[in-house]
Amino acid sequence: MLAYLLRRLALIVPTLFFVSVIIFGLQQLLPGDPALAMAGEERDPQVIAFIRHKYHLDQPLPVRYGLWVAGVLHGDLGESIRINRPVLDLILEKLPVTAELAGLAMCFALLIGIPAGVLSAVKNGTVWDYGANVFALWGLSTPNFWLGFLMILLFSVQLGLLPASGFVSPFEDLRQNLGAMIMPAFVLGNAIAAVMMRHTRSAMLQVMSTDYIRTARAKGLVERIVVLKHGLRNALVPVVTLGALEFGQLLSGAVLTEQVFTIPGFGKLIVDAVFNRDYAVVQGVVLFTATAYIVLNLLADIAYFLVNPRLRA
Amino acid sequence: MAAITLDRTTTEPAETKPWRRALGRLVKRRGAMVGLFVVLFFIAVAILAPLISPYDPVATNWGLVRKPPSAAHWFGTDEIGRDVLARVSWGARASLLAGVVSVCISLACGVPIGLVSGYVGGFLDGLLMRITDAMLACPFLILAIALAAFLGPNLTNAMIAIGISAMPAFIRLTRAQVLNAKVEDYVEAARAVGNPHLRIVLRHILPNIVAPIMVQATLAIAAAIIAEASLSFLGLGQQPPAPSWGSMLNTAKNFLSQAPWMAVWPGLAIFCVVLAFNLLGDGLRDALDPRHRA
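If you read the sequences in order, they're chains W and C.
First residue of the first sequence? That's 1 in the working numbering, and the numbers climb one at a time after it.
First residue of the second sequence? That's 1 in the working numbering, and the numbers climb one at a time after it.
Please keep in mind that the hints were generated in silico from the structure rather than gathered at the bench.
Given the structure is predicted, the values throughout are model-derived calculations rather than measurements.
Possibly wrong hints are sitting among the right ones.
Claimed, not checked - Computed from the model, here is a short list of chain W residues facing chain C with C-beta under 10 Å: (1) Leu-57; (2) Tyr-65; (3) Ile-81; (4) Arg-85; (5) Ser-141; (6) Gly-267; (7) Ala-273; (8) Gln-283.
Using N, Cα and C, we set each Cβ at its ideal position, and we do this for glycine too.
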């Protein structure tokens with residue numbers, strides 16, 4: 001176990017190094033002089049000289065990279081040029097909003113995707129299987145921002161049941177918070193539910209054809225117990241770990257969902273930063289999400305290792 | 001002792017090529033055929049847009065602002081009186097172009113890297129895989145947004161950004177296929193008769209791993225079309241007044257209650273074309289690798 005953990009941790013170091021190189025390299029993509037690009041409309045030589053000095057643009061590339069990494073390792077992701085605040089503070093401020101949205105979306109994805117996958121596998125080749133597969137294709141093919149519009153049209157404009165946009169902190173008013181988050185969470189969870197359904201279906205089909213399921217049936221167990229206790233329990237192991245890998249899709253989707261429903265989270269932060277040419281914020285958000293993805297990936301691998309006795313042996 | 005006879009009518013002819021057999025299986029899959037038909041329909045719309053489009057997609061008409069669907073304007077008009085059907089037809093060009101070009105970029109960069117990584121192995125493989133892991137760690141759309149932001153917002157840069165962001169999947173897939181193929185007998189035989197490495201990779205390995213790459217490419221076009229629409233929706237893809245489904249939705253979000261048709265049609269077009277590519281990709285996967293059908 002320890003050897004596996006150490007080997008897995010050792011692989012993270014070069015990955016994180018290359019992540020940092022890619023993200024630092026983004027700045028080099030700016031056409032022309034980055035100082036001019038950062039200055040935007042402002043062409044005052046003094047301002048440009050200040051930017052050049054502040055972001056070490058007057059230093060050689062390797063030195064700039066070293067300074068940037070040293071800053072990152074000390075929790076300094078730079079400063080937003082728009083609102084003059086540390087990028088890390090901005091990310092930490094927006095993180096709870098996106099975390100709530102992602103958490104609720106994952107609940108929807110699990111509540112829809114897993115039962116649909118089980119049903120599809122157990123009723124393989126029937127109209128239920130066909131229906132679940134149609135649902136998966138629908139989920140994978142619907143752009144979530146368009147689904148957001150359709151839901152706003154139905155539930156906000158036509159029926160007037162839910163607010164079309166806005167965010168209320170759960171600490172202020174939990175009811176209003178859930179009312180505002182239910183549509184965005186469903187929109188975001190829809191595509192993940194489709195992926196989960198496919199994972200669950202595939203894992204269940206595999207598990208249901210194994211000898212121990214045949215034995216369980218031969219013992220005379222009720223089919224519900226065979227499916228839920230013997231089948232699903234074993235099929236869920238790869239499903240849950242694969243689910244952790246959907247984190248990237250969740251964050252990508254959150255960018256669009258937050259834009260549609262005007263939720264002040266992580267996604268809105270990066271989009272606003274892009275339009276304000278706030279490049280430090282863009283870099284900070286990409287670095288933060290990539291690091292979170294790597295850590296979640298590691299945790300998923302460890303969980304898979306822990307719950308799978310064959311790997312431990 | 002009874003003589004054993006082969007019934008040639010019930011078995012596939014021995015000389016039938018694998019590609020022909022796969023095509024036969026693909027044609028029998030109804031979903032894939034529907035997908036192919038819809039894809040061809042959208043390609044025709046994109047190519048023939050100047051001929052079939054009823055109006056100029058950028059011509060404004062202040063007397064026709066936000067008119068609902070009618071006999072004159074089947075899909076209605078937008079906030080400055082432009083015909084929505086004309087814009088949806090012309091928008092097919094941007095979406096399909098972005099889908100195909102960005103996947104071509106991913107293929108052109110990802111497949112050679114995957115081939116080298118899998119075939120050479122060792123330190124180079126380890127290095128390339130760590131770089132690929134680093135790219136995979138950055139969520140697809142967030143990386144595409146960051147790249148598009150730094151490169152500058154336009155359709156070309158959006159395609160480059162999507163292509164680069166989608167590349168790691170092709171590197172991983174190609175490498176995995178090469179690792180399986182390079183231990184096969186036919187590769188050993190090619191090596192034994194003294195073929196140079198480049199010839200082994202290009203003439204013996206690559207043709208045998210094309211099928212899964214093709215499936216992945218078809219599914220990646222669907223993802224790239226959604227990504228282009230997402231970037232245009234955020235204002236990082238096709239720039240106004242040029243029509244694109246994503247940018248049409250971006251405008252439509254401000255008029256959801258007054259002119260819902262502005263949001264319905266471009267979204268439906270994205271949904272249909274993405275669904276079609278997904279159906280075609282699933283069908284191709286089943287046809288080229290029958291083990292997946294379970």
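Structure-based check of each hint:
For Leu-57 of chain W, the suggested interface contact is broken, since its CB lies about 15 Å from the closest CB of chain C, more than 10 Å. Look at Tyr-65 of chain W: its Cβ only gets to about 15 Å from chain C, farther than 10 Å, so that hint breaks. The criterion of a C-beta within 10 Å of any C-beta in chain C is not met by Ile-81 of chain W, whose closest approach is roughly 14 Å, and the hint is violated. With 10 Å as the threshold, the beta carbon of Arg-85 of chain W stays out of range of chain C, its nearest partner Cβ sitting at about 19 Å, so the hint is violated.
With its C-beta approaching chain C no nearer than about 4 Å, Ser-141 of chain W sits inside the 10 Å limit, and its interface hint holds. For the restraint placing Gly-267 of chain W at the interface with chain C, the shortest Cβ-Cβ distance is roughly 8 Å, inside the 10 Å limit, so the hint holds. For Ala-273 of chain W, the suggested interface contact is upheld, since its CB lies about 8 Å from the closest CB of chain C, less than 10 Å. The beta carbon of Gln-283 of chain W is positioned within 10 Å of a beta carbon in chain C (closest approach about 7 Å), and the interface hint is therefore held.
Checked against the numbered hints given earlier, the structure breaks hints 1, 2, 3 and 4 and satisfies all the rest.
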